[in-house]
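**Student:** Below, each chain spelled out in residue letters.
Number of protein chains: 4
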Amino acid sequence: MVDIKVGIVGLGRLGKTHANNVASNIPGMTLTAACSVVESELDYAREQLGVTETYISYEEMVNSPNLDAVVIVSPSGFHTEQINLAMEKGLHVFCEKPIGLEIKEIKKTVEIIESRPELVFQLGFMRRYDESYQYAKEMVERGDLGELTVIRCYGIDPCSGLESFVKFAGASNSGGLFADMSIHDIDIVRWFSGKEVNRVWALGKNAAYPELDEVGELETGAAMMQLEDKTMALLVAGRNAIHGYHVETELIGTKGMLRIGAQPDKNLVTVFNENGVVRPTSQHFPERFRDAFLNEMKEFASCIREKRQPGVSARDGLEGTRVAYALQQSIDTKELIDVTRD
Amino acid sequence: MVDIKVGIVGLGRLGKTHANNVASNIPGMTLTAACSVVESELDYAREQLGVTETYISYEEMVNSPNLDAVVIVSPSGFHTEQINLAMEKGLHVFCEKPIGLEIKEIKKTVEIIESRPELVFQLGFMRRYDESYQYAKEMVERGDLGELTVIRCYGIDPCSGLESFVKFAGASNSGGLFADMSIHDIDIVRWFSGKEVNRVWALGKNAAYPELDEVGELETGAAMMQLEDKTMALLVAGRNAIHGYHVETELIGTKGMLRIGAQPDKNLVTVFNENGVVRPTSQHFPERFRDAFLNEMKEFASCIREKRQPGVSARDGLEGTRVAYALQQSIDTKELIDVTRD
Amino acid sequence: MVDIKVGIVGLGRLGKTHANNVASNIPGMTLTAACSVVESELDYAREQLGVTETYISYEEMVNSPNLDAVVIVSPSGFHTEQINLAMEKGLHVFCEKPIGLEIKEIKKTVEIIESRPELVFQLGFMRRYDESYQYAKEMVERGDLGELTVIRCYGIDPCSGLESFVKFAGASNSGGLFADMSIHDIDIVRWFSGKEVNRVWALGKNAAYPELDEVGELETGAAMMQLEDKTMALLVAGRNAIHGYHVETELIGTKGMLRIGAQPDKNLVTVFNENGVVRPTSQHFPERFRDAFLNEMKEFASCIREKRQPGVSARDGLEGTRVAYALQQSIDTKELIDVTRD
Amino acid sequence: MVDIKVGIVGLGRLGKTHANNVASNIPGMTLTAACSVVESELDYAREQLGVTETYISYEEMVNSPNLDAVVIVSPSGFHTEQINLAMEKGLHVFCEKPIGLEIKEIKKTVEIIESRPELVFQLGFMRRYDESYQYAKEMVERGDLGELTVIRCYGIDPCSGLESFVKFAGASNSGGLFADMSIHDIDIVRWFSGKEVNRVWALGKNAAYPELDEVGELETGAAMMQLEDKTMALLVAGRNAIHGYHVETELIGTKGMLRIGAQPDKNLVTVFNENGVVRPTSQHFPERFRDAFLNEMKEFASCIREKRQPGVSARDGLEGTRVAYALQQSIDTKELIDVTRD
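Protein chains in written order, with the UniProt record's numbering: chain A, 1 to 342; chain B, 1 to 342; chain C, 1 to 342; chain D, 1 to 342.
Treat the hints with caution; some may be incorrect.
What the hints assert, rightly or not - Simulated DEER-style distance windows between Cβ atoms: (1) A:R46 to D:E114: 38 to 44 Å; (2) C:I103 to D:G216: 35 to 41 Å; (3) C:D43 to A:S160: 29 to 35 Å; (4) C:G311 to B:S174: 43 to 49 Å; (5) A:D338 to B:Q329: 50 to 56 Å; (6) A:D338 to B:S172: 49 to 55 Å; (7) B:Q329 to A:Q329: 22 to 28 Å.
What the hints assert, rightly or not - Footprint (simulated), chain A over chain C, 3 or more residues, beta carbon under 8 Å: (8) 21-28; (9) 236-244; (10) 255-268; (11) 279-286.
Stated by the list, open to error - For the chain B half of the interface with chain C, some residues (derived, Cβ under 7 Å), not all of them: (12) F165; (13) K167; (14) F168; (15) N275.
Hints in this document: simulated from the structure, not taken from any laboratory.
We put the CB at the ideal spot given by N, CA and C, even for glycine.
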């Protein structure tokens, strides 16, 4: 079994996670090439990960004759173009979410992807590969919960990053709280329900940093969404969880309900001290979803070997972004928004 | 210290709870009179509770020279009239929620109540007297959570009552899911935030009993509300909790969050068996709020003795109903509703 | 229904709890008399509880023609004599644990009690009247756990009292850690298993206050006991729980296991803050067992009315003390001790 | 970096776990050789794991010029001899617990191991490499719990294996419940406390399968141990957990306490259904300690590369077995046993 040779573009925090996984933890994959405009990141790839080819230009990397696949972890604005180019070169593509920033461009890229069914395309919705989410999904499929009526998703980042977010909030645009934070939650709603979102209302409040009002950013938001079969979805997105990284999903059905991550337990330790009975908490996504990042990349490798497509498609990326933008539109207009599909 | 002599009207499930408390568990109160159109309920009052005066007519009861106060647990449609009459007779009034069914009538009653400040009036928002809710309220007052940004309230009845609800759904009107089930949650949102609700959107879905669509009733609903200071409130109301009586409140603030009743633990027992690790659950409101019902009645007695008004006022009842009706209007019109106050 | 007229002896912390319950919270009981050598305690009884007869001499109190029953909450050394005297006077007796300090005297008192079956005698093993313990007992009786194999009991007092315990440790004798702290746990082991303890080994360690070694007292101890049917019991007793009042009981059976108070939750609030996910804790026995104290006194009243004996007998007190002393003997001799019954 | 070439002996359930890890999941290790007397196991190694050398004779395997290290997962009776032989051949050794069955032989093997400090020797006490145990260990080292006074360890296998255990209980000897089940717990007690065990008492009870009495085996046992600094340790060992695989460790110290695995949560899902609030549970050790098995093997590889010894030494194996045998001796003699070291 010859190893799948992978080139990666982008070596920030999440990029390094993927790079390390491909280089060391995914049997049957080799990290052959890395591309970044940051010299120190290329040094890291060479020295720590044993990468033999490094590039400043993505175009040059995909022209390398030594690659089977690319992993795209660059800034979101580059995604569609980099996907298109890789597809053109006949490379399998694993791309971090979102698939792109403009609906029109995303659609074009989805068409390109769908025109090359022999190439594997996978979007980085890693939660679908988390064992707790998979356990819940199996319960839903088996009918243990009956028919779903309400889905509640919380995605709240730890407050440790908020101060620096506030500092740079004016300079760079996050895409808005919901596009930035809820994209995974929207995907999870669609995944569990198998339904599309029809109508949304979104609200926000800046209380710790009221100055965010001035730059059109939000610290905390909430949204309610109606799905095509009347299932109700509630979202809370935030950047200010004092206790850690709070990702929680609840499914309410006619025969039972369940919660994934009702509290973000870090491990199996319970501490009894002057504060009461305390469970330590996960502090960030690389910790919470460490195994999910591994599992999704193993699935990418398996899909390539077994010549099949993964469960999460390019179209999932398109629909997720569509809903995120509707939520932002609701924030902007203060109105109910019908999600339009054409 | 002479006992406060109480007459009660209505001896259904909740009425019996109050009647028993007044008769046996509230030091300094005596249950003197009972009024009901159901003969067996009057027998019960005489034989089990030692009540000496029983009435079929409420008007007759309040004319008894032996009463200091009335406890109103009759059907909601009678509340305003019975309050008005008791006030006229100079009796202190404890009234179950809601204060009435018509905003206009409620307002008139609120005026009557406010014109008699020497008479104690208390509305049966017992959650405010639950020790967990009080513990949370103290945390909020102390600033432990910082400024509130999101409040989430679940009020889901056990499924055991759903079948009979469905059977009678056409015949009698429940007032709608939100007026019926969320009135306590709306009060809790107002209590914790100290703010009024400005704008709401409500949704519903009938999945276990789709026939409820035909009679305009809901099995499960969700709502999002914007408060005057932009605080966001999320509600889930339902009649179909498989696991028991699920009343849960969450407060998210800039300095921390908390949940009351994150799971409806029945007691301190944890069972380890073939189902996994299991916590038994509360099965209905008399079980979950047993002490709260006691506490609110003790507070009513204290207010009478100490010649002061309780924390929960007639106006709280008016505002709660106003919001519940806005939620129902949103269900009916499928639109965002601005809550109007005139 | 005429009220049962009660005299109480001893008005310390626990005495006040019982006095308040009898005076205000137990329907059908009146607190008529109080006895104490502390003048301020008698003032309290008169002024706060409306007691009409106060005594410095217990003998005088039991000679009052106005009493039906006594509640004994005096220092343990007086218990047997006070029980004997009350029985002689034809009074029903509720006595706090232990029944006495000397096995020989206890036996004599048990004989006296058993010679007066028309008088109700109840020992203050309030845990048997806690709703979680009762829920567990019902599970055991129903066979939900199969046959019991291991029982584990923790009784650890909050550290808040340790410093003052250390200060007075030389002056007054606590009876030893196990007699002082584990007497309830021993009773619980006997209650759940229905078996007697045959053989014990006990250990102790002073780590926070090594000076306790010098006065023969223990800060923390552990014991293992073999019951007559080979069921194993593990005890931990302590005076140094940082997190609060930790009373926990575990039952392991052939068909399942359960824990009562696996963590000493104070209420239904969960806090998410910089410490992690935190459950506040019970801080002392009046808080944890508030309802159990009420329930046991209600049972005492019911037994008097219904002319029957309660589930917890004088003999339970004798056996509990016997085992506690065997544990202390094991600490003293460092050997396995066979519990002897003659 | 050249891969470490590994030969494995024993390919049962645990052997397969290690073999798969070495073959696929440990960067820098290759599974070169496998030894078994079961032909199908060698087929598995060749076909599923790509092993190039297979052996029926362990002696032949360690004579292969292609190996750097061996992983010993054979029946316990072979361990000492196989360790000795590998050491003689200059191979690094990873050996599953226990190090051997006879104290005398173990001592000889420990001497051999200690005479070859340039060869890495690691014993399979994988719990030390579990992230929750490591988190707890760090808390202890930092002094968060103060001085330890009580350590409680439960190791209870799921009941799913009990029936077949009973069937074969007469034919093959398990070494006794404590040697079989508590060896990890004993190691954990020594690891957290840094102290040796001085004195023990052990008890057992067969309730589900009383016929085990006849073959001298135990279904459930409990033990109390005194450590050299008076720290107390409580053990429960069993083969009959209805709810899954219950491995739990508790540390009580003068400044706080903690529990690892207070309940054996399978994942982060909480289910609310007709049984109550349910957490699914781990079902066996490969599931619970999956990552710990990986981590210990990574540590073995790192030690080889970095020319150092791991935290868990041959002597830890000797001491663990010594205590396990003292527990069994206590069962046999029904007496307190002093652990002797010569």
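**Student:** Compare the structure with each hint and give your call.
**Tutor:** The hints, checked one at a time:
For the hinted restraint 38 to 44 Å between A:R46 and D:E114, the CB-CB distance of approximately 41 Å keeps it satisfied. Range check, C:I103 to D:G216: about 38 Å between beta-carbon atoms, so the 35 to 41 Å window is met. In this structure the hint that C:D43 and A:S160 lie 29 to 35 Å apart at CB is violated, the actual value being about 57 Å. For C:G311 paired with B:S174, a C-beta distance near 45 Å keeps the hint of 43 to 49 Å intact.
At about 20 Å, the CB distance of A:D338 to B:Q329 disagrees with the hint of 50 to 56 Å. A hinted range of 49 to 55 Å for the beta carbons of A:D338 and B:S172 is inconsistent with their spacing of about 35 Å. Between B:Q329 and A:Q329, the C-beta spacing of about 24 Å keeps the proposed range 22 to 28 Å intact. Counting residues of the segment 21-28 of chain C whose beta-carbon sits less than 8 Å from any beta-carbon of chain A gives 0, not enough to reach three: the coverage restraint is violated.
Given a C-beta distance limit of less than 8 Å, the hint that chain A covers the segment 236-244 of chain C holds, as 4 residues qualify and 3 suffice. Counting residues of the segment 255-268 of chain C whose CB lies closer than 8 Å to any CB of chain A gives 4, which reaches the minimum of 3, so the coverage claim holds. Residues of the segment 279-286 of chain C with a Cβ under 8 Å from some Cβ of chain A number 3, which satisfies the need for three, so the listed coverage holds. A distance limit of 7 Å between C-beta atoms decides the matter here; for B:F165 the minimum to chain C is near 26 Å, and the interface restraint is violated.
Restraint check, B:K167 versus chain C: the minimum CB separation of about 33 Å is more than 7 Å; hint violated. Checking B:F168 against chain C by beta carbon gives a least distance of about 32 Å; that is not within 7 Å, so the hint is violated. Residue-level restraint check for B:N275 is violated (minimum Cβ-Cβ distance to chain C is 9 Å; threshold 7 Å).
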